[in-house]
Amino acid sequence: DAGVIQSPRHEVTEMGQEVTLRCKPISGHNSLFWYRQTMMRGLELLIYFNNNVPIDDSGMPEDRFSAKMPNASFSTLKIQPSEPRDSAVYFCASSLVTGAPRTNEKLFFGSGTQLSVL
Amino acid sequence: AQTVTQSQPEMSVQEAETVTLSCTYDTSESNYYLFWYKQPPSRQMILVIRQEAYKQQNATENRFSVNFQKAAKSFSLKISDSQLGDTAMYFCAFMKLRDDKIIFGKGTRLHILP
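Protein sequences, first through last, are from chains G and P. Start counting the first sequence at 50; every next residue gets the next number (my numbering). Start counting the second sequence at 129; every next residue gets the next number (my numbering).
To be clear, the hints were calculated from the coordinates, so they are not data collected in a lab. You may find that some hints are simply not true.
Claimed, not checked - Here are the computed lysine-lysine pairs in the DSSO-like style, where the Cα-Cα straight-line distance is at most 30 Å:
| # | chain 1 | residue 1 | chain 2 | residue 2 |
| --- | --- | --- | --- | --- |
| 1 | P | Lys-224 | P | Lys-201 |
| 2 | G | Lys-127 | P | Lys-224 |
| 3 | P | Lys-201 | G | Lys-117 |
Unchecked claim - Chain P side only, calculated, beta carbon under 10 Å to chain G, not exhaustive:
| # | residue |
| --- | --- |
| 4 | Tyr-165 |
| 5 | Gln-167 |
| 6 | Lys-201 |
| 7 | Ile-230 |
Stated by the list, open to error - Chain P is nowhere near these chain G residues, computed Cβ spacing over 10 Å in every case:
| # | residue |
| --- | --- |
| 8 | Ser-80 |
| 9 | Ser-115 |
| 10 | Ser-165 |
Virtual Cβ for every residue (Gly too), placed ideally from N, Cα, C.
Excised from the complex, chain G in its bound form:
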């Protein structure tokens, strides 16, 4: 398996531009997570999906951020318009949540997208 695939690996853009980050989860996984990593705040959970449905988006910082999961093999995180304070590493992760009680035993992370907003 190729693992969780994120693109692009690096993104440099100017303030005000739209940015779209992409993620392909591991085939067969039913949960997908978007995290943001900064020096000040560490790893923050932005949003997660289960079976393509958004379950918890309480971590999304502002209306400028939106995420979609149109099918089980693809998700996007969009920032519009982007601001310098959005500069961070954005990680996508997927997992297989099973059982009763539900158990998320292990997150598999992508290699992240380093976003720089100038």
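Model the placement of chain P on the given structure of chain G, informed by the hints.
Just chain P now, kept in the frame of chain G:
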């Protein structure tokens, strides 16, 4: 809401020494999972060790072991015989049972010195 606190932003130790990274958490749950993840300079996130709160025995994985103190809500990671390849950011993380999301601390940057 659950919180995870790592009080040591950065640490340095000599190669072959033993080092302990601290983690405390706050929850009203009785059943949950705790994790330590390693992030080397490559940015890859690697699961180091996992502990179920209902198990009293501390988890171990080769040179990595934890000291899980449930009453104190403490979950420290001990790295024995540290190696240069252990240089990384280490994140402590928490997950409620019957939940899907994992909450991370801010991390501890560990430097292993030759």
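Hints versus structure:
no.	hint	in the structure
1	P:Lys-224 <-> P:Lys-201	holds (14 Å)
2	G:Lys-127 <-> P:Lys-224	holds (28 Å)
3	P:Lys-201 <-> G:Lys-117	violated (36 Å)
4	Tyr-165	holds (8 Å)
5	Gln-167	holds (8 Å)
6	Lys-201	violated (18 Å)
7	Ile-230	holds (6 Å)
8	Ser-80	violated (5 Å)
9	Ser-115	holds (19 Å)
10	Ser-165	holds (15 Å)
Consistency with the previously given hints fails for numbers 3, 6, 8, ordered from lowest to highest.
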